[in-house]
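Trainee: These are the residues of each chain, in order.
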Amino acid sequence: MSKRAIPVAIALGLLTFLVGLLTFLGLLLNLPQLSSLLLRWAGFLAAVALLLGILNLFAVHVGRLFKGNIYSAVLALSMVMVFALAIAERFDLVDGGVNLVFNLVQAPLEMALASLLAFFLLFSGFQLLRRQRTFSAVLFLLTVVLVLLGTVLANNRFIPAGIGELFAQIRQTIDSVFVVAGMRGILIGVALGTITLSIRLLVGAERPYNK
Amino acid sequence: MDAFVLTVGTVIIVAVLLLLFTRAQQRGRLIALRPLPAYNILHDQIGQAVESGSQLHLTLGQAGLTSVASPTSIASLTILDTLAKDGCANGTPPLVTVGEGTLLPAAQDSLLHAYNEAQFTSGFQAGAAQFIAAETDPFAYAAGVTSVIHHARVSNNVAVGRFGAEMALIASAAERASAAQVIGTDDPIAMALARAVTDNVLIGEELLAAGAYLQGSASQLASVRVQDLLRLLIALIILGIAFYQLFTAFFG
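From first to last, the protein sequence lines are chains Y and D.
Quick note on the numbering used here: the first sequence kicks off at 1 and runs consecutively.
Quick note on the numbering used here: the second sequence kicks off at 212 and runs consecutively.
Hints may be right or wrong, so weigh each one.
Chain Y is nowhere near these chain D residues, computed Cβ spacing over 12 Å in every case [claimed, not checked]:
#1 215
#2 240
#3 241
#4 251
#5 261
#6 265
#7 280
#8 300
#9 301
#10 321
#11 331
#12 353
#13 376
#14 438
#15 451
Reference excerpt, derived from the structure (chain D facing chain Y, CB under 7 Å, subset only) [unchecked claim]:
#16 218
#17 397
#18 430
It should be emphasised that the hints constitute simulated quantities derived from the structure, not laboratory data.
All C-beta atoms in this analysis are idealised placements derived from N, C-alpha and C, irrespective of residue type, glycine included.
Let the hints inform the model, and build the full structure from the sequences given.
Mentor: Here it is in structure tokens:
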């Protein structure tokens, strides 16, 4: 670090400590005016960052458009059109245009992608078994089969009630014992990591803002 | 117990432990890290991209720096710092995509710093870090990242940060492109999906320990030791409560 950068680093460290401490005290002592003020500032900065992100997206795709990428042309054109629609709405020239685009284009596309998830998961499960036939891979497949059977056979009138109930109980046990235990273990680890990293940030031992 | 006392107590205990272990590390009582294969593989990613004449793609997820999941994003930015430095030094800077606004300037700053440090001749280009979609549109983000993986000749894919179920789309796109993958996230659903696609998964706290594994400063190593200690303490408390409940159920 150069000599000129040292005062800047110290100032940044102090500012981070001060803002972090004020936010922490605001939340801890239940001072809504203080914490909401700081959160509003953070929200404002996040909004500006989002605007910069949108400009970055537009610039990147306009650049690709000139290299002949047809998908980038569609994206850039769509952005301009939706922006124009929003401006027209602002001046009461159109009513509900942006919502209409969202409901007719974006929402169905996102739902289509979400519905593909099940197929990707199934494919990944088979890939896992093809890649390695270890104990954990077999356990993974066995759990998937049991959970699926537990879901499908419960309350199925073509299956004897006893069998359906057995699989439903197995599924319930997997869910409430193994899955919950595993997830809690992971979340406790994440919480501990978050606490230590946050304290390091607060005291200035970690300075991602000043490389 | 009062929430105030619990919070202040936790912060004080963690801060004191961090200070003690940092001092111990600085005095030469070295803290050993347990080996995590995903971090070893992460170091090889740039080398593989250079050898194959293609690009490393790094996506940072959808947790903003102003959200509660910001520590996850800070850990992913540490990974970006390391990969950007390695990449620029070898003439192959990574291609970075982000799914949240505040991550873009942070990623650009990291890349710019690496470009300058390596005196990279072609200069920094804004497209080296790309914003894909806002955090409210996880599937638009996944679709955008998928498109980048297919069009940018990506041979190595690193996805670190906060992801949800959309992780399945990103990971399977990278798999179809035959890209080597390292995935790190703190979300249990995304973790499960990632585990089905690759063995190189950084699970929750392992991702948050990125600084200790990649940069290894005294305070970063100390924080891993503090986490281990507290985890052991929590495990003992849970076991104690379970045995107490069993005991009272049988004899109480």
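Trainee: Next step is simple, just say for each hint if it's right about the structure.
Mentor: Hint-by-hint comparison with the structure:
no. : hint : in the structure
1   : 215  : violated (7 Å)
2   : 240  : holds (18 Å)
3   : 241  : holds (18 Å)
4   : 251  : holds (18 Å)
5   : 261  : holds (23 Å)
6   : 265  : holds (18 Å)
7   : 280  : violated (8 Å)
8   : 300  : holds (15 Å)
9   : 301  : holds (19 Å)
10  : 321  : violated (7 Å)
11  : 331  : holds (15 Å)
12  : 353  : violated (7 Å)
13  : 376  : violated (6 Å)
14  : 438  : violated (5 Å)
15  : 451  : holds (15 Å)
16  : 218  : holds (6 Å)
17  : 397  : holds (5 Å)
18  : 430  : holds (4 Å)
Hint violations for this structure: numbers 1, 7, 10, 12, 13, 14, all remaining hints satisfied.
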